[in-house]
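Novice: From first to last, the protein sequence lines stand for chains A and B.
Count along the first sequence starting at 1, add 714, and that's the number in this note's numbering.
Here this note's numbering is used: position 109 in the second sequence is 108, and no number is missing along the way.
Incorrect hints may appear among the rest.
[Claimed, not checked] So the derived label-pair ranges between C-beta atoms look like this:
#, chain 1, residue 1, chain 2, residue 2, range
1, B, 113, A, 717, 23 to 31 Å
2, B, 63, A, 773, 37 to 45 Å
3, B, 13, A, 730, 48 to 56 Å
4, A, 730, B, 53, 49 to 57 Å
5, B, 73, A, 717, 24 to 32 Å
[As the list claims (entries may be wrong)] Here are the simulated EDC-like cross-link-like pairs (lysine to aspartate or glutamate), alpha carbons at most 16 Å apart as the crow flies:
#, chain 1, residue 1, chain 2, residue 2
6, B, 40, A, 752
7, B, 41, A, 719
8, B, 19, B, 64
9, A, 773, A, 797
10, B, 65, B, 87
11, A, 812, B, 58
12, B, 41, A, 817
13, A, 770, A, 785
14, A, 824, A, 731
15, B, 40, A, 755
16, A, 770, A, 781
17, B, 63, B, 87
18, A, 812, B, 97
19, A, 824, A, 729
20, B, 65, B, 86
21, A, 784, A, 731
22, B, 40, A, 817
23, A, 824, A, 797
24, A, 784, A, 768
25, B, 41, A, 752
26, A, 812, B, 51
27, B, 13, B, 87
28, B, 41, A, 729
29, B, 54, B, 64
30, B, 19, B, 87
31, B, 13, B, 86
If you are wondering where the hints come from, they were derived from the structure by calculation, not from laboratory data.
Each residue gets a CB set at the ideal place from its N, CA and C atoms; glycine is no exception.
What follows is the residue order along each chain.
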Amino acid sequence: TQLLEQSPQFLSIQEGENLTVYCNSSSVFSSLQWYRQEPGEGPVLLVTVVTGGEVKKLKRLTFQFGDARKDSSLHITAAQPGDTGLYLCAGANTNAGKSTFGDGTTLTVKP
Amino acid sequence: GAVVSQHPSRVICKSGTSVKIECRSLDFQATTMFWYRQFPKKSLMLMATSNEGSKATYEQGVEKDKFLINHASLTLSTLTVTSAHPEDSSFYICSARDLDPASGNTIYFGEGSWLTVV
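The task is simple: from the sequences and hints, build the whole structure.
Specialist: Structure (structure tokens):
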């Protein structure tokens with residue numbers, strides 16, 4: 715069974731601070747996705763990373779896929795209250811139908 | 000981009016009745032869809048994998064006779080909660096995998112359905 719450990723589980727910071735969320739596994743994934751979910755809504759895809767060592771930027775968000783494709787990180791610069799939400803990482807494997815999800819990180823950015 | 004639509008977004012039903020939730024892939028075909036249950040501030044719990052034209056694959060501990068899944072076409076999967084009880088009240092989310100290689104094997108989610116059993 716593939717497992718993804720996501721940390722931290724909860725994070726509460728002030729507006730303007732930086733933060734990093736980690737997603738680690740002992741398994742290799744062919745791709746990894748990051749999602750953001752607001753209460754009462756379905757998760758929204760932020761990014762897909764597929765190449766070991768890949769770095770993708772989405773405005774103030776920076777996503778990195780580990781060289782061995784076993785881990786990933788999400789870094790947010792100068793967090794804003796609008797970044798508040800549940801962040802989920804999910805590892806996909808082309809040989810299997812389902813993705814493995816991390817436990818999620820609940821981020822609260824206080825104004 | 001790929002879109003997955005879920006309906007209804009909110010439903011209230013009486014104990015003992017059944018309720019159906021639909022999941023549609025709007026601009027791509029999905030041979031496989033997934034149904035999740037989510038509790039407040041928690042991650043997604045996979046209930047079952049819906050396979051077009053064949054039986055669904057249920058995760059351990061999920062009652063297949065209570066959560067009926069039908070995937071009759073390449074764009075539609077349904078989840079029917081039978082003989083619903085208050086403990087079935089939850090947020091149910093579906094997703095579908097876009098097999099287009101350009102998407103990186105990405106899963107797209109529906110908007111979710113709030114089920115309240117009274």
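Novice: Run every hint past the structure and note whether it holds.
Specialist: Hint-by-hint comparison with the structure:
1. 113/B x 717/A: 23 to 31 Å: 29 Å, holds
2. 63/B x 773/A: 37 to 45 Å: Given a distance of about 43 Å, which is inside 37 to 45 Å, the answer is holds.
3. 13/B x 730/A: 48 to 56 Å: Since residue 13/B and residue 730/A have Cβ atoms about 49 Å apart, the given range 48 to 56 Å holds.
4. 730/A x 53/B: 49 to 57 Å: About 52 Å separates the Cβ atoms of residue 730/A and residue 53/B, which means 49 to 57 Å holds.
5. 73/B x 717/A: 24 to 32 Å: Given a distance of about 31 Å, which is inside 24 to 32 Å, the answer is holds.
6. 40/B x 752/A: 10 Å, holds
7. 41/B x 719/A: Given pair residue 41/B, residue 719/A holds - Cα atoms ~14 Å apart, limit 16 Å.
8. 19/B x 64/B: 14 Å, holds
9. 773/A x 797/A: With Cα atoms ~12 Å apart, residue 773/A and residue 797/A stay inside 16 Å; holds.
10. 65/B x 87/B: Holds. Residue 65/B to residue 87/B sits at ~10 Å (cutoff 16 Å).
11. 812/A x 58/B: OK: residue 812/A and residue 58/B at ~11 Å, within 16 Å.
12. 41/B x 817/A: Judged against 16 Å, a Cα distance of about 7 Å means the pair holds.
13. 770/A x 785/A: Holds, because 14 Å separates the two Cα atoms, which is no more than 16 Å.
14. 824/A x 731/A: 10 Å, holds
15. 40/B x 755/A: 12 Å, holds
16. 770/A x 781/A: 14 Å, holds
17. 63/B x 87/B: 14 Å, holds
18. 812/A x 97/B: Distance of about 12 Å is within 16 Å: holds.
19. 824/A x 729/A: 6 Å, holds
20. 65/B x 86/B: 13 Å, holds
21. 784/A x 731/A: Judged against 16 Å, a Cα distance of about 27 Å means the pair is violated.
22. 40/B x 817/A: 10 Å, holds
23. 824/A x 797/A: Distance ~10 Å between residue 824/A and residue 797/A Cα, so the pair holds.
24. 784/A x 768/A: 12 Å, holds
25. 41/B x 752/A: Given that 16 Å is the threshold and the Cα spacing comes to 12 Å, the pair holds.
26. 812/A x 51/B: Holds - the C-alpha atoms of residue 51/B and residue 812/A are around 14 Å apart, at most 16 Å.
27. 13/B x 87/B: 11 Å, holds
28. 41/B x 729/A: 24 Å, violated
29. 54/B x 64/B: Holds - the C-alpha atoms of residue 64/B and residue 54/B are around 12 Å apart, at most 16 Å.
30. 19/B x 87/B: Satisfied, since the Cα-Cα distance of roughly 13 Å is no more than 16 Å.
31. 13/B x 86/B: 12 Å, holds
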